[in-house]
Amino acid sequence: MRSTRAKGLGLRARPKLFALGFQLLALVSFLAAGACSSPPPAELSSSVFTPAHRTTGEAARDFFAIRPTAVQPIPFPHKTHLEKKAVCADCHESAEKGPIAGIPSVKTCMICHSQIATDKPLIKQVTGYSEKGIEIPWQRVYGFTREAHVRFNHAPHIRASVDCATCHGDLAKQTVAERVVDHSMGFCVNCHRQKSASNDCLTCHF
Amino acid sequence: MDRRNFIKLTAITGTSATLAGCGNPEHQLIRFVPDDDVVPGVAEWKPSVCPMCAAGCGVNVRVMEADVETTRNGQAGVVKMAVAKKLEGNAKDPISQGGLCARGQASIQVTYHPDRLMHPMKRTGARGTGAFKEISWDEAIVELTGQLDALAASGDQKSLAFLTRPHRGRRTALAGEFLKGFGAAAPIGYELFADEVLRRANGISFGHEQLPTIDFARSRFAISFGADFLGTWNSPVAQSVSYAAMRQGRPGVRGAFVQVESRMSLTGASADEWVPVKPGTEGVLALGLAHLILANKLRPADAGRAGAAIDGWSSGLPDYTPARVAQLTGVTAKQIERLARTLAEQQPAVAFIAGPPLAQTNGLFHALAVNALNVLLGAVERPGGTGFVAGSMKSEVRSLKSDTLASAKVLLLDGGNPVFDAPKAWKVRESLAAIPFIASFGSFIDDTSAHADLILPDHSYLESWVDSAPESGSMAAVPTSAGPVMKPLYQTRATADVLIEVAGKLKTPVALPWKTAEEVAKSTATASPQITAASPKSAAKYAEPVFDGEATQYPFHFLPYASLQFGDGSSAHLPWLQEMPDPLTSAMWSSWVEINPQTAERLRLAQGDLVDVTSSQGTLRAPVMIFPGIAPDMVAMPVGQGHETFTRYASGRGANPIAILAPATESETGALAWAATRVKITRAGDGDGRLIMFGGEMREHPHEHETR
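Quick note, the sequences are listed as chains A and B, same order. Here our numbering is used: position 166 in the first sequence is 166, and no number is missing along the way. Here our numbering is used: position 65 in the second sequence is 65, and no number is missing along the way.
FYI, nobody ran anything at the bench for these hints, they're computed from the structure. Some hints here could point you the wrong way.
To give an idea of the chain B side of the interface with chain A (calculated C-beta under 7 Å), a few residues [claimed, not checked]:
no., residue
1, Ile30
2, Arg31
3, Phe32
4, Val33
5, Val39
6, Pro40
7, Gly41
All of these numbers come straight from a predicted model, not from anything done at the bench. Every residue gets a Cβ at the ideal spot worked out from N, C-alpha and C, and that includes glycine.
I would like the entire structure built from these sequences, with the hints used as guidance.
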């Protein structure tokens with residue numbers, strides 16, 4: 001008797017839920033679109049501390065783990081540099097030293113480009129940034145969201161002779177770096193299994 | 001596909017389509033090219049010295065990369081920089097030995113405080129209103145140099161005054177050299193809890209005008225007269241480490257510890273036995289113990305010179321019989337006899353004194369009495385006793401008195417906040433108003449620097465060269481200097497560099513032995529001048545302590561004590577310390593008046609009720625804290641709150657007990673007797689929520705000690 005009534009209630013509630021779902025969806029899309037069309041806040045920090053997301057759009061993106069495709073200010077040709085026998089760590093020098101490979105400073109570019117190919121239009125753009133003392137606003141291609149609680153460290157992977165291309169794709173075939181390898185947990189765990197590296201939760205998560 | 005999956009799918013595809021072009025706002029910040037290369041994600045540990053008190057604990061600073069907001073060529077942006085993230089005690093430092101107190105931990109907030117002064121400023125509004133405008137360093141230096149040149153032109157060099165805290169190492173030495181070269185008197189050193197009386201007594205008894213270092217680690221019995229050595233006095237971290245070794249560091253031996261005081265401090269709470277005495281009679285108890293040891297021949301009487309400073313010593317202190325001592329101090333004769341026996345039996349034993357007993361009008365007597373007891377116990381310059389570190393540096397400073405600032409025409413402020421922590425009767429505020437030009441080097445606007453005309457903000461200690469040569473804390477001298485651990489965040493300059501620059505730019509330049517702040521910090525400490533042991537005019541004799549206010553009108557002794565969080569109030573602007581619960585009461589973010597439960601019951605006061613505390617000097621209002629560890633005829637308040645102006649966290653918070661303090665002085669040394677005021681208490685109303693406590697009520701066990 002009791003279960004029948006509950007079932008009946010559930011049946012009646014469903015269309016309502018369905019409608020509610022669409023309303024929510026519409027709301028989220030509307031808010032997200034609103035947040036997007038207005039320019040992002042110029043101030044770097046708010047006087048009020050809040051752990052919450054600054055915009056609804058940001059919250060929605062985080063929730064669904066959606067990350068925008070990186071659009072680079074200068075179409076950096078990895079291919080060209082690798083053809084000239086440069087290696088990854090020449091520019092991403094922190095990869096061997098610490099957890100984060102790092103995006104090289106414009107200072108690193110100028111080590112060579114103060115002399116080499118100075119007349120090319122893209123290099124002139126680079127020189128322009130350097131002269132203004134401003135970093136090229138490169139956008140990050142890879143990386144985990146903060147919510148993933150992943151602690152990744154490049155150095156031990158390089159010590160274990162994992163090729164850069166294993167996780168970042170063959171850059172010799174790419175011009176601008178693209179996210180060609182999906183850094184899902186499955187991807188990491190598979191490799192750890194094959195190489196008998198630890199699969200303990202705390203190896204990667206904190 | 002069922003409905004649920006359909007909803008999920010549309011939600012994902014819909015929002016992702018909407019959001020794909022958004023980009024993260026942080027990608028649109030301008031990033032400036034950094035000055036140096038930092039490996040991201042890798043911590044470096046760099047040494048420095050904690051500046052929060054004179055103890056001079058060595059710290060290790062965790063330095064990592066961070067994005068720092070900055071402005072370059074009028075453009076706002078961020079730059080990657082190596083900045084300090086965390087402080088820990090330096091295990092290789094003989095003072096801190098790897099430990100760091102709460103104030104030291106919180107000192108990192110000095111650098112990142114939102115109200116830190118970022119650039120030089122000139123006053124625009126009326127004095128004390130805090131209206132300033134930004135100026136350049138060039139303008140600021142010209143302004144200061146101009147004021148000093150004007151003094152020199154009128155032949156009035158003596159009217160330059162420099163206010164600082166005493167015992168600040170080579171920084172005080174630099175100020176001293178600057179003033180000497182300019183033709184002015186030595187810097188004025190002011191600190192509320194300054195231990196001047198103890199230094200003088202040690203000069204008289206032992207020829208060392210400095211604070212003692214106590215070798216707890218090798219002692220079996222310690223008796224402290226009012227010294228809060230685990231909380232606020234002298235070198236708390238070093239003393240805590242040493243004390244821990246005395247209690248638990250030797251297998252089978254647990255050193256005993258007795259605390260004599262009238263209000264239970266954090267140290268008293270840690271003692272095996274807590275002996276409450278009447279305020280201003282601590283030295284009497286010490287001599288009572290000495291009398292018993294001498295009379296019963298418990299120890300050979302080889303007290304020598306330290307004993308000679310005490311009246312009646314050579315004849316065995318006949319005036320200090322247990323009966324009389326019991327009558328004066330309120331400690332029972334039986335307890336005195338037991339303590340004397342334990343002191344003589346447990347060797348090595350050590351006695352020491354600091355804090356409230358020395359802040360009575362007869363403070364020097366108490367210190368001399370304890371020194372004499374120590375000699376009788378054989379505890380001076382011996383393992384398990386007290387000793388004096390050789391070669392500690394000392395720079396000459398004048399002490400602040402009510403008339404010190406009267407003749408000043410130009411005043412330079414470099415630490416010390418007398419508007420807040422000097423008695424109102426000294427009229428510091430009025431003196432400041434009469435000084436034509438005041439410049440401040442501090443990193444914050446506080447009660448005193450709010451009166452400044454020119455602000456020349458110093459680097460934070462993490463951004464500059466630092467040095468220390470503490471006079472106590474370790475058995476050997478520990479002169480330390482350390483370089484900056486990070487680059488300056490703002491348009492600030494090291495005060496040493498500013499003084500050196502101004503010295504060179506004066507019309508009649510002042511020659512200084514240093515060229516940069518780095519040289520000042522690295523210069524070797526000059527040995528302290530040898531003190532010729534000055535004997536007191538006559539042998540010290542117990543004189544009744546004199547309290548301000550008649551006992552009939554003002555029935556309570558008033559004890560303003562150094563707070564564990566704020567010391568004398570100089571760290572009240574750090575929010576970590578504001579929100580740190582007081583260890584004995586669990587109160588935070590507020591002021592309170594500690595009252596004995598019996599007294600509170602008699603006056604019909606409940607926890608949190610508001611009371612007016614009135615002395616001959618004025619009235620303050622604060623909530624009641626029922627506190628069983630205080631004598632029934634005494635009320636106590638922590639010092640540190642009640643700032644008028646001291647950043648967003650401390651301004652207008654709580655009440656300042658110093659504001660109602662009488663200007664009583666210790667009769668021999670002239671030091672401020674900050675525990676010699678009497679007050680009355682009147683109920684002002686029900687609690688209004690201004691007493692903020694972390695935990696529940698105090699648990700009281702009034703019958704606990706009755707079995708003794």
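Status of the hints after comparison with the structure:
no. : hint  : result
1   : Ile30 : holds, 6 Å
2   : Arg31 : holds, 4 Å
3   : Phe32 : holds, 6 Å
4   : Val33 : holds, 5 Å
5   : Val39 : holds, 5 Å
6   : Pro40 : holds, 4 Å
7   : Gly41 : holds, 4 Å
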